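Asks: Letter by letter, the chains look like this.
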Amino acid sequence: MNIAAIDSSATFGTSWLHRTAPRAKLAAFVFVLAAVIATWNVLILAAIGLVLTAAVVSARVRAGLAASLALYPTIFAAVFAFTAAPDLITGVTIILKATVAALAAVTLVLTTPYPQVFAPLQHVLPTVVGDALLMTYRSLFLLIDKFGNLLTAVRLRSGFSARQPLRNAKAATRALGGLLLYSIDLAQRDHDVMRLRGYEGRLRVTTPRSEAPARDAALVVAAAGVTGLSVLVRVYAAALNPFSWMAPLAALAILVVVLLASRRSR
Amino acid sequence: MSHIHIPDGVLPLWLWLAGWVVALAMIAVTSRMAIAEDVRRKVPLLGVVSALMLVAMSSEIIPIAYHINLTVLGAVLLGPVLAPIAAFIVVTILALLGHGGVTVIGLNTLVISAEMLIGLALFRALADVLGRKRASISAGLATVVTLALSTLLLVGIVWLGGGGDAAGRETGALDPADLRFENPFAAGVFSLGLFTADEHGEEPGDEEPGGEGAGQGGLSVGRFAAVVFTLGPLGWLLEALIIATIVGFVARVRPALVFAGALADERRYIPGDETGTS
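Protein chains in written order, with the working numbering: chain A, 1 to 266; chain B, 1001 to 1278.
These are calculated hints, taken from the structure and not from any lab test.
Computed from a predicted structure; not experimentally measured.
Mixed in with the good hints there might be a few duds.
Chain B is nowhere near these chain A residues, computed Cβ spacing over 10 Å in every case [unchecked claim]:
no.	residue
1	A4
2	H18
3	R62
4	R163
5	R174
6	L176
7	A218
8	L219
9	V256
10	R263
11	S265
Taking lysine to any residue and the SDA-like style, the derived pairs with C-alpha atoms no more than 25 Å apart in a straight line are [as the list claims (entries may be wrong)]:
no.	chain 1	residue 1	chain 2	residue 2
12	B	K1133	A	R167
13	A	K146	A	H123
14	B	K1133	A	R174
15	B	K1133	A	K146
16	A	K170	B	L1130
17	A	K170	B	R1252
Ideal placement from N, C-alpha and C gives every residue a C-beta, glycine not left out.
Chain A extracted, bound-state conformation:
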């Protein structure tokens, strides 16, 4: 998990999606997720996936990073679909549901700094949980960095050898043990710092004011439209299913337009 790349994409991006208010993006995410939950129509799922891909392209997010994150749950969904789905098409639908929902989450995370994603959650969750969410994300950076350094140190001391997998496993596990001790000390240091700074049980995150309220509203309305379409096709499946092929076609047209526009803007 390339957490540094995720954070860099969310923090330093300047696209329209990066500049959209975090609350609007969270609301849009919830709507898209509702659309994915509501539908069992493989073509509607494909259409939502294509629209999200267009959003990722227009946000100028690193395509490889977004794809690797969105496709990772596909492996697990494929295992579940292979073992539990009654037929091929249901299996494909399950895999698409996982991939499209993941793509929606990844689009949010790659265009929104993590404190802004967690800030609304802080309002509804108990303070200790909200604060620990922020601390966890911060600690992730430090631990991944430290673990990388530990593994480099093991490698430099010839701790890893292609011919000795058992020795490799032992070295990696000891590195994990070292990381554990480091993380406990890190927690103690964090405690010291928080105590000195007067922390009394609430980390405050300031949310920026909306740059363009009309754009924010348009994003939420578009996402609500996707949910509406998904629910409509589900409710009137018998009548609308023969026409559901139109949805991916329209989404594909959007993607092509976005691709052409992004190529031209370069």
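Got chain A; can you put chain B on it based on the hints?
Replies: Structure of chain B alone, referenced to chain A:
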């Protein structure tokens, strides 16, 4: 594979909503218990232990969906009150990174919390019976048993949610009966079949309504259970070996962490301020 890698929208609404309600109630109770004492020490500890579990859960060790969880180790460090909160934090961040559905966060929290609490209880019981010198064996055994139990819980959840009638799961213009695209132009301008009708030995529409196959298509719980209980033991053993090695190492270097938890030392002084005046 102890937590649910089931995508959003596969489990029925009542099941994942119930999971959310129970999980949030549990989080509310444990949070209230946690803030009763020094919360300043608990928040950073929760952060780093959750981050450790996240690093483990998001790193595939064998490319067929195996990853370690470090849940038992997390519970040993955090204790029973903070463990469910860590479980909730880990599954929430994993869901935001696309790993596991958002709707199943509640169920995942319950499964991982159960894993952590059972693992902790087993480890403490085994450490009492086998002695502190065999901490690694206790941790390994506790991990294997806990992962087996949590896998059983996972199968139970799929069983609860898997009885749905797939006849209601319309899959669009693609006909699930024969995997053939319905012609969107009624007159038959084009058609695209993934398999031809001959391979099934029957033409679409030959099946009798209510006959064999009708109403089938709910998730196959038996096949799912057979696969996870066949593939699972390898993962349980791998994780048990890793946890046993780590616990053995930490028990030698800093035994208090393993046997009393990371919060064992009641008071924490800032270096240079041992009198505790600040």
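Asks: Out of the numbered hints, which ones does the structure contradict?
Replies: As far as the earlier hints go, 5, 6, 13 and 15 are violated by this structure, in ascending order.
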